[in-house]
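Sequence order for the protein chains is A and B. Position 330 (the first sequence) corresponds to 330 in the UniProt record's numbering; numbering is contiguous. Position 39 (the second sequence) corresponds to 39 in the UniProt record's numbering; numbering is contiguous.
No lab work stands behind these hints: they were computed from the structure. One thing to keep in mind: the hints can contain errors.
Label-pair ranges, simulated between beta-carbon atoms [claimed, not checked]:
#1 B:94 with A:330: 24 to 30 Å
#2 A:280 with B:75: 39 to 45 Å
#3 A:316 with B:120: 22 to 28 Å
#4 A:346 with B:131: 34 to 40 Å
#5 A:336 with B:114: 44 to 50 Å
#6 B:41 with A:330: 54 to 60 Å
#7 A:336 with B:46: 25 to 31 Å
#8 B:86 with A:320: 34 to 40 Å
#9 A:255 with B:112: 27 to 33 Å
#10 B:75 with A:321: 51 to 57 Å
Okay, the calculated bits of chain A under chain B, using three or more residues with CB under 8 Å as the criterion [stated by the list, open to error]:
#11 279 to 291
#12 358 to 368
Ideal Cβ positions, reconstructed from N, Cα and C, are used throughout, including at glycine.
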Amino acid sequence: MSKSVDETVFDYFALLLKEPGEGAAEKSAIAQSNKTQDAVAPKSDALAPLVTKKSSQEIPFNTKPEPSKAIDDAIKSISSESSEINEHFFEDKNIPPVGNPAKSIPSRLSQPAQKVLLERNFADPVENIDKKALEKLLSAVSKTENQTATDTASKPTMTVAEIKASADKVRQALGLASDTRVNKTSVASALTQKTAIADKEIKPLVDIKLTETTPSPINKAIINCEQQGDNVAQPQLGATPPSITEDLQQVLDDEFQVLFFKVAGLTLAVPLVSLGGIVKVERINHLIGRPKWFLGVQPHREEKINVVDTCAWVMPEKYSSQLAESIDYQYLVMLEDSRWGLACESLVNAVKIDKSHVNWREKPGKRPWLAGVVKQQMCGILHVQALIDMLDAGLGCQDSIDRG
Amino acid sequence: MSDSRNVAAVAAGSDDAVLQWVTFKLDNETYGINVMQVQEVLRYTEIAPVPGAPNYVLGIINLRGNVVTVIDTRSRFGLQSADVDDSTRIVIIEAEKQVIGILVDSVAEVVYLRCSEIDNAPNVGTEESAKFIQGVSNRDNELLILVDLDKLLSDDEWAELSDI
Chain A
1 MSKSVDETVF DYFALLLKEP GEGAAEKSAI AQSNKTQDAV APKSDALAPL VTKKSSQEIP
61 FNTKPEPSKA IDDAIKSISS ESSEINEHFF EDKNIPPVGN PAKSIPSRLS QPAQKVLLER
121 NFADPVENID KKALEKLLSA VSKTENQTAT DTASKPTMTV AEIKASADKV RQALGLASDT
181 RVNKTSVASA LTQKTAIADK EIKPLVDIKL TETTPSPINK AIINCEQQGD NVAQPQLGAT
241 PPSITEDLQQ VLDDEFQVLF FKVAGLTLAV PLVSLGGIVK VERINHLIGR PKWFLGVQPH
301 REEKINVVDT CAWVMPEKYS SQLAESIDYQ YLVMLEDSRW GLACESLVNA VKIDKSHVNW
361 REKPGKRPWL AGVVKQQMCG ILHVQALIDM LDAGLGCQDS IDRG
Chain B
1 MSDSRNVAAV AAGSDDAVLQ WVTFKLDNET YGINVMQVQE VLRYTEIAPV PGAPNYVLGI
61 INLRGNVVTV IDTRSRFGLQ SADVDDSTRI VIIEAEKQVI GILVDSVAEV VYLRCSEIDN
121 APNVGTEESA KFIQGVSNRD NELLILVDLD KLLSDDEWAE LSDI
């Protein structure tokens, strides 16, 4: 198990902090420990006993020897610009003395944290490590990293600028952007690690999002179909249809009356202000060469009403000869003062509705004749003027219209 | 045809000329054709089919020694065919300098219409037959559909008809 450069450097700093604090009485023990360390040093796992920054962050109340005055001064010089680190490492004044790792692990630690502590064994006494041992330990890392670490290690007491420079070197070696803030340099490695881990976790999420926003083959097909549909619907005039219903809404009061009428089971609503009248179907004269939806012309009071087969116009896809035979038109709903009359089977009623009870269509679409949907009755409300424009142009309900 | 209309209009002595129209029935609709184009109205007589003739041609008849081609009006108007009965007539007309006969369900009367009484037909048709109608008129609360006989056939068809 190898450690990152940052961890190694940080471990080194931790050792530096510990080393001067050794008592003279412990020197014999250090010498004995050195032998052991020398034997262990070539192994990469030798880094494991070192206190890592990460573990220190995770467990700030970890064992830390009482620093000597010199080290304390060094710490203070650094701490002036690294308050964040100090908060993690030195803020806790109730740090217990170094001891048996198992014993020193506070009971308030969660089980996983305790496990980490035990596995890493970083609470093992490190007071016996000297510079030589450290050099051997650092030799385990790459040349560049080693150089950086060695440079750093050669100076037990470092100024802020030196720390900054060394951190930048380390970051450069890792291919990271240089951080100008010194108080973040030591934390940056851990953050970098965490960020790297987070990136691994986040990237798939980002990919998923992208996948979600990217049209699937089916969606693409649907879009293509819609586009093709649009293209099919446009050839007559090929212009933007009248879309928004602002003009109609401006004409209407907040509360307005509508007439509901039925055609082949479909209920439609027409605002009374747009209603030109109701005419009983008498005799509709068929004109040759007209579309299916054009029923013919009915004379009425010296006028001629152009009768629209509403079912055929509104639902051309459902209109069949069988349906045509079953429809029994009784009335003509006249559109404003035009000659156009919509044939209907029955008149339901005329009621007052509030503007807010209509889900008005706001965007341009294929059906400019449809002003919106009456929420309560769940039926379409007609945009009569747009409908007249379309009929005058001889367009079906799915054709676009040029108003310009 | 336009010359004959002008004559009628001049005869009326005003801008709002009065035109005479011969009305006939076809599939329960009343159509009118300019009286100046109508030569005579015949009862139904045997129509001899012509091999290789266009589908809108019913055949030919012998009208006092002259061969006259009879047009299937129903077919031309896009209507379903109907059986011949006692009221079926062949109207002999002159259009595009040709004399032809058109088969109709019945012939009703001759009506007088002012130009102001004629409205344009709703311009919603895209089919070829839509151009046959030159206008509509409301007479006695009944719609009269006025037919432009010159447009009954296209130029090519008129030329083809002359070769029969």
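Here is what the structure says about each hint:
1. B:94 with A:330: 24 to 30 Å: violated, 45 Å
2. A:280 with B:75: 39 to 45 Å: violated, 34 Å
3. A:316 with B:120: 22 to 28 Å: holds, 25 Å
4. A:346 with B:131: 34 to 40 Å: Holds - the Cβ-Cβ distance for residue 346 (chain A) and residue 131 (chain B), about 37 Å, lies within 34 to 40 Å.
5. A:336 with B:114: 44 to 50 Å: Cβ of residue 336 (chain A) to Cβ of residue 114 (chain B): about 28 Å, so the range 44 to 50 Å is violated.
6. B:41 with A:330: 54 to 60 Å: violated, 39 Å
7. A:336 with B:46: 25 to 31 Å: violated, 55 Å
8. B:86 with A:320: 34 to 40 Å: holds, 36 Å
9. A:255 with B:112: 27 to 33 Å: For residue 255 (chain A) and residue 112 (chain B) the Cβ distance comes to about 53 Å; the hint is violated.
10. B:75 with A:321: 51 to 57 Å: violated, 20 Å
11. 279 to 291: holds (count 8)
12. 358 to 368: violated (count 0)
When each numbered hint is compared with the structure, violations occur for hints 1, 2, 5, 6, 7, 9, 10, 12.
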